[in-house]
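**Q** Taken in sequence, the protein lines are chains A and B.
According to full-length UniProt numbering, the residues represented by the first sequence are 1 to 428, in order.
According to full-length UniProt numbering, the residues represented by the second sequence are 1 to 428, in order.
FYI, nobody ran anything at the bench for these hints, they're computed from the structure.
Hints may be right or wrong, so weigh each one.
Label pairs and their in silico Cβ distance ranges [said to hold, decoys possible]:
id	chain 1	residue 1	chain 2	residue 2	range
1	B	GLU85	A	SER254	25 to 33 angstroms
2	A	LYS94	B	SER324	45 to 53 angstroms
3	B	TYR286	A	GLU251	29 to 37 angstroms
4	A	LYS7	B	ASP361	23 to 31 angstroms
5	A	PHE33	B	ASP230	29 to 37 angstroms
6	A	HIS30	B	ASP230	43 to 51 angstroms
7	B	ALA301	A	ASP233	47 to 55 angstroms
8	A	LEU17	B	TRP212	43 to 51 angstroms
Here are the simulated DSS-like pairs of lysine-lysine, each with C-alpha atoms no more than 27 angstroms apart in a straight line [what the hints assert, rightly or not]:
id	chain 1	residue 1	chain 2	residue 2
9	A	LYS125	B	LYS387
10	A	LYS387	A	LYS285
11	A	LYS229	B	LYS89
12	B	LYS250	B	LYS123
13	B	LYS89	A	LYS366
14	A	LYS89	B	LYS373
15	B	LYS373	B	LYS72
16	B	LYS24	A	LYS424
17	A	LYS258	A	LYS285
18	B	LYS129	A	LYS139
19	A	LYS7	B	LYS143
20	B	LYS68	B	LYS7
21	A	LYS139	B	LYS250
22	B	LYS49	A	LYS387
23	B	LYS68	B	LYS139
24	A	LYS269	A	LYS139
25	B	LYS305	B	LYS258
26	B	LYS125	A	LYS139
27	A	LYS143	A	LYS123
28	B	LYS125	A	LYS143
29	B	LYS53	A	LYS7
30	B	LYS53	A	LYS387
31	A	LYS387	B	LYS139
32	B	LYS336	A	LYS105
33	A	LYS75	B	LYS68
34	B	LYS24	A	LYS89
The beta carbon of each residue, even a glycine, is placed where N, CA and C say it ideally should be.
The primary structure of each chain is shown beneath.
There are 2 protein chains.
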Amino acid sequence: MERVYIKDLEVSEEEVLLRGWVHKIRDFGHIAFIMLRDKSGIIQLVCEKEQIKGLRLENSIEVVGLVKENEKASKGIEVEVSSIEIVGKTYYDKLPFEVQSYKNKTGLETQLDHRTISLRIPKVKAIFKVQNEIEEAFKGYFKSHDFEQIHTPKIINSGTEGGSEMFTVNYFNRRAFLAQSPQFYKQMMVGAGFEKVFEIGYAYRAELHNTWRHLNEYVSLDVEMGFIKDESDLMDVEEDFLRYMFEHLKETCSEELKLYGVEVPEELKIPRIPLAEAQKMLLEKYGKKSPVGNIDHEGEALLHKYIKEKYNSDFVFLTEYPVSKRPMYTMEDEKKPGFTKSFDLIYKGLEITTGGQRIHDYEMLKERIVGAKMKLEDFAFYLDTFKYGMPPHGGFAIGLERITMKVLELSNIREAALFPRDIKRLTP
Amino acid sequence: MERVYIKDLEVSEEEVLLRGWVHKIRDFGHIAFIMLRDKSGIIQLVCEKEQIKGLRLENSIEVVGLVKENEKASKGIEVEVSSIEIVGKTYYDKLPFEVQSYKNKTGLETQLDHRTISLRIPKVKAIFKVQNEIEEAFKGYFKSHDFEQIHTPKIINSGTEGGSEMFTVNYFNRRAFLAQSPQFYKQMMVGAGFEKVFEIGYAYRAELHNTWRHLNEYVSLDVEMGFIKDESDLMDVEEDFLRYMFEHLKETCSEELKLYGVEVPEELKIPRIPLAEAQKMLLEKYGKKSPVGNIDHEGEALLHKYIKEKYNSDFVFLTEYPVSKRPMYTMEDEKKPGFTKSFDLIYKGLEITTGGQRIHDYEMLKERIVGAKMKLEDFAFYLDTFKYGMPPHGGFAIGLERITMKVLELSNIREAALFPRDIKRLTP
Numbered sequence: 001m002e003r004v005y006i007k008d009l010e011v012s013e014e015e016v017l018l019r020g021w022v023h024k025i026r027d028f029g030h031i032a033f034i035m036l037r038d039k040s041g042i043i044q045l046v047c048e049k050e051q052i053k054g055l056r057l058e059n060s061i062e063v064v065g066l067v068k069e070n071e072k073a074s075k076g077i078e079v080e081v082s083s084i085e086i087v088g089k090t091y092y093d094k095l096p097f098e099v100q101s102y103k104n105k106t107g108l109e110t111q112l113d114h115r116t117i118s119l120r121i122p123k124v125k126a127i128f129k130v131q132n133e134i135e136e137a138f139k140g141y142f143k144s145h146d147f148e149q150i151h152t153p154k155i156i157n158s159g160t161e162g163g164s165e166m167f168t169v170n171y172f173n174r175r176a177f178l179a180q181s182p183q184f185y186k187q188m189m190v191g192a193g194f195e196k197v198f199e200i201g202y203a204y205r206a207e208l209h210n211t212w213r214h215l216n217e218y219v220s221l222d223v224e225m226g227f228i229k230d231e232s233d234l235m236d237v238e239e240d241f242l243r244y245m246f247e248h249l250k251e252t253c254s255e256e257l258k259l260y261g262v263e264v265p266e267e268l269k270i271p272r273i274p275l276a277e278a279q280k281m282l283l284e285k286y287g288k289k290s291p292v293g294n295i296d297h298e299g300e301a302l303l304h305k306y307i308k309e310k311y312n313s314d315f316v317f318l319t320e321y322p323v324s325k326r327p328m329y330t331m332e333d334e335k336k337p338g339f340t341k342s343f344d345l346i347y348k349g350l351e352i353t354t355g356g357q358r359i360h361d362y363e364m365l366k367e368r369i370v371g372a373k374m375k376l377e378d379f380a381f382y383l384d385t386f387k388y389g390m391p392p393h394g395g396f397a398i399g400l401e402r403i404t405m406k407v408l409e410l411s412n413i414r415e416a417a418l419f420p421r422d423i424k425r426l427t428p
Numbered sequence: 001m002e003r004v005y006i007k008d009l010e011v012s013e014e015e016v017l018l019r020g021w022v023h024k025i026r027d028f029g030h031i032a033f034i035m036l037r038d039k040s041g042i043i044q045l046v047c048e049k050e051q052i053k054g055l056r057l058e059n060s061i062e063v064v065g066l067v068k069e070n071e072k073a074s075k076g077i078e079v080e081v082s083s084i085e086i087v088g089k090t091y092y093d094k095l096p097f098e099v100q101s102y103k104n105k106t107g108l109e110t111q112l113d114h115r116t117i118s119l120r121i122p123k124v125k126a127i128f129k130v131q132n133e134i135e136e137a138f139k140g141y142f143k144s145h146d147f148e149q150i151h152t153p154k155i156i157n158s159g160t161e162g163g164s165e166m167f168t169v170n171y172f173n174r175r176a177f178l179a180q181s182p183q184f185y186k187q188m189m190v191g192a193g194f195e196k197v198f199e200i201g202y203a204y205r206a207e208l209h210n211t212w213r214h215l216n217e218y219v220s221l222d223v224e225m226g227f228i229k230d231e232s233d234l235m236d237v238e239e240d241f242l243r244y245m246f247e248h249l250k251e252t253c254s255e256e257l258k259l260y261g262v263e264v265p266e267e268l269k270i271p272r273i274p275l276a277e278a279q280k281m282l283l284e285k286y287g288k289k290s291p292v293g294n295i296d297h298e299g300e301a302l303l304h305k306y307i308k309e310k311y312n313s314d315f316v317f318l319t320e321y322p323v324s325k326r327p328m329y330t331m332e333d334e335k336k337p338g339f340t341k342s343f344d345l346i347y348k349g350l351e352i353t354t355g356g357q358r359i360h361d362y363e364m365l366k367e368r369i370v371g372a373k374m375k376l377e378d379f380a381f382y383l384d385t386f387k388y389g390m391p392p393h394g395g396f397a398i399g400l401e402r403i404t405m406k407v408l409e410l411s412n413i414r415e416a417a418l419f420p421r422d423i424k425r426l427t428p
């Protein structure tokens, strides 16, 4: 007999084979109701007394039975059981927390300690359905727009992107690093003739922050493209991708979005505002001072409020960051010296993207490296590509957990990682 | 003017905008021919003397011109140039090696030293088109068969899978490891109620081997599924995926396969042979002795020859590995004590997969850990899931670079990695 998923059940005169976990047991003595949970949904099983002998919550079972109508059951059907077999035993005194309740009040750290139990809670699992479809949309959009997927190394030779925030690896008794981002490699792949590339891969930040919005290992959705005019090409692409992504989520995740009470925007038009202008507005409207060349988290939240009111947008591109606040490879705006052709994207008050046009001229790049008091020889692997006709190019990256978190309005980024890594957490 | 890719060029009365790199220059004084290369192909440009002034091989350029018929040009068209602009300068005395030749005789190490130049060689780039489509087929197949994609951590707490072959990471002054495989985590995700999962991610092996078939950082295509009958379910799935993959490659990569002179199998039926039987055959037919509980690389090559002759198959599943030669979580065959429900898949004489059914019972698993003289507390993060109804399950993994290498019959696995990492190589 072929196994049927719960979501595909229909009333029939033939028996079906179901598999899953015991989500709930209601024992009335002569009769018992079990809620069976599989990856697709939950269904009520009607059992006789003997059939549930020894059955405990979260046992995994195989069930054979007949699908019948029952107006009172959810979706109007239930399964009359002819046999139950326990295929996965349980070995607990007490569950670490309830799986059956949709309203889960267990603290996040306890949930993460027993991650494979908390993931059984349908509302928790729903986060990763949405995350999967965000990734699917990313891959689908960029592949269909002539971008090629790449895998670049995560073990790298030198801490070129800011050594202090990088994890070190013992690589056959040499000191190596975990890549903070595929920045240099994705640029190199543009230069290698791939022109337009994307990567879905882990990035590592040894930041000491332990906040609701930082992870030390996260999935970065990276994009880099050659032959651009300027950074506005990049913002156009990202905006278009986001439109596509929300459309895709509407089609594939309507139930999950409903579970979280969130809606995706019907229209997306993202305002682009110079950083200085945003800082000025924050000061004038909210009395909020910003650090030089940036906006802090409180400022981002206020900015969201302002942008939402004025433009009805959850997103805003901040542009024209000063040269001193951006990495050395960022292209300076020849029309506005001291400022770069770079941007951040703020989504519901959280930065989810940094992007911009990069320097493509070999000599200019060397100058900037030297000017930043870094060693040219550390960048030899990167500079080599720039000798052979590097075209104007740029790109951006989106943090997968951050965008998931903000789409679903989760309060902690750890909820959007299957097995989050932070300064304290290395398990499970 | 919108940029047009070379592969989409058609004769027209309107000018087109092209972008790419200078692949070849033939200067006849009064007239010059340039081969322009973009990510999609190569086309001949017809230029006047002045237009090529200062132009060098591998400059990136923007070209405006008219597409004309020319029987002598490849594909019967060429572009009469009205303007050329250099957008990416060159800064070299001499190219490290020729990019324009299809027959590339430069040594592999030199090519890898200048990876972004060797990737410009169309035949080298073709490898990654094929690799992308293998990955696409993997994702497409498993997604459409109800598997969910997961991302599991690569920084892990303990060297549970064999400490000596793992890279260590300094994780905020704690000793952590780079995961050798997502083995434990993909099993845990089955137990977390996802039932059927796949992962595309890096795996790290600190093996000291420096051979044509080993990489220290490679992309692992991992599969794990719950509620299986036994390991034959897993071999069925892998075989079906491979059929799908070859069909997909035939549709998407016919040119690339032709470039390498390889064909994909029309039919795929993979023989399944117990290890002991294969060892016996090797001894009797070729006088080849095998190590206990395994077949060495010479044996694998001879086995391929034998299987090819007898079954007309490039693949063979080897089954029934002894318990002593498999990891402690491998399920023993109750009908054949001492042997496991595990398998390897050998493709053209190279192991590309290890798989099998895993132990799902908490007590049995604890016994095996203790029996293997390992510490239970190191496995607490893993064992926790097994207390709560872990169903029978199993899975397998395919090395992306290995399968790419064998499909295209490359002689060294480094050719199938954009930026390979081996015991000597950490750059570029």
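**Q** Look at each hint and say if it fits the structure.
**A** For each hint, the structure was consulted:
{"no.": "1", "hint": "B/GLU85 - A/SER254: 25 to 33 angstroms", "verdict": "violated, 49 angstroms"}
{"no.": "2", "hint": "A/LYS94 - B/SER324: 45 to 53 angstroms", "verdict": "violated, 38 angstroms"}
{"no.": "3", "hint": "B/TYR286 - A/GLU251: 29 to 37 angstroms", "verdict": "violated, 57 angstroms"}
{"no.": "4", "hint": "A/LYS7 - B/ASP361: 23 to 31 angstroms", "verdict": "holds, 29 angstroms"}
{"no.": "5", "hint": "A/PHE33 - B/ASP230: 29 to 37 angstroms", "verdict": "holds, 33 angstroms"}
{"no.": "6", "hint": "A/HIS30 - B/ASP230: 43 to 51 angstroms", "verdict": "violated, 38 angstroms"}
{"no.": "7", "hint": "B/ALA301 - A/ASP233: 47 to 55 angstroms", "verdict": "holds, 51 angstroms"}
{"no.": "8", "hint": "A/LEU17 - B/TRP212: 43 to 51 angstroms", "verdict": "holds, 47 angstroms"}
{"no.": "9", "hint": "A/LYS125 - B/LYS387", "verdict": "holds, 20 angstroms"}
{"no.": "10", "hint": "A/LYS387 - A/LYS285", "verdict": "violated, 49 angstroms"}
{"no.": "11", "hint": "A/LYS229 - B/LYS89", "verdict": "holds, 16 angstroms"}
{"no.": "12", "hint": "B/LYS250 - B/LYS123", "verdict": "holds, 17 angstroms"}
{"no.": "13", "hint": "B/LYS89 - A/LYS366", "verdict": "holds, 14 angstroms"}
{"no.": "14", "hint": "A/LYS89 - B/LYS373", "verdict": "holds, 25 angstroms"}
{"no.": "15", "hint": "B/LYS373 - B/LYS72", "verdict": "violated, 72 angstroms"}
{"no.": "16", "hint": "B/LYS24 - A/LYS424", "verdict": "violated, 56 angstroms"}
{"no.": "17", "hint": "A/LYS258 - A/LYS285", "verdict": "violated, 35 angstroms"}
{"no.": "18", "hint": "B/LYS129 - A/LYS139", "verdict": "holds, 15 angstroms"}
{"no.": "19", "hint": "A/LYS7 - B/LYS143", "verdict": "holds, 17 angstroms"}
{"no.": "20", "hint": "B/LYS68 - B/LYS7", "verdict": "holds, 15 angstroms"}
{"no.": "21", "hint": "A/LYS139 - B/LYS250", "verdict": "holds, 22 angstroms"}
{"no.": "22", "hint": "B/LYS49 - A/LYS387", "verdict": "holds, 25 angstroms"}
{"no.": "23", "hint": "B/LYS68 - B/LYS139", "verdict": "violated, 41 angstroms"}
{"no.": "24", "hint": "A/LYS269 - A/LYS139", "verdict": "holds, 22 angstroms"}
{"no.": "25", "hint": "B/LYS305 - B/LYS258", "verdict": "holds, 23 angstroms"}
{"no.": "26", "hint": "B/LYS125 - A/LYS139", "verdict": "holds, 20 angstroms"}
{"no.": "27", "hint": "A/LYS143 - A/LYS123", "verdict": "violated, 31 angstroms"}
{"no.": "28", "hint": "B/LYS125 - A/LYS143", "verdict": "holds, 17 angstroms"}
{"no.": "29", "hint": "B/LYS53 - A/LYS7", "verdict": "violated, 67 angstroms"}
{"no.": "30", "hint": "B/LYS53 - A/LYS387", "verdict": "holds, 19 angstroms"}
{"no.": "31", "hint": "A/LYS387 - B/LYS139", "verdict": "violated, 37 angstroms"}
{"no.": "32", "hint": "B/LYS336 - A/LYS105", "verdict": "violated, 48 angstroms"}
{"no.": "33", "hint": "A/LYS75 - B/LYS68", "verdict": "violated, 64 angstroms"}
{"no.": "34", "hint": "B/LYS24 - A/LYS89", "verdict": "violated, 68 angstroms"}
Checked against the numbered hints above, the structure violates hints 1, 2, 3, 6, 10, 15, 16, 17, 23, 27, 29, 31, 32, 33 and 34; every other hint is satisfied.
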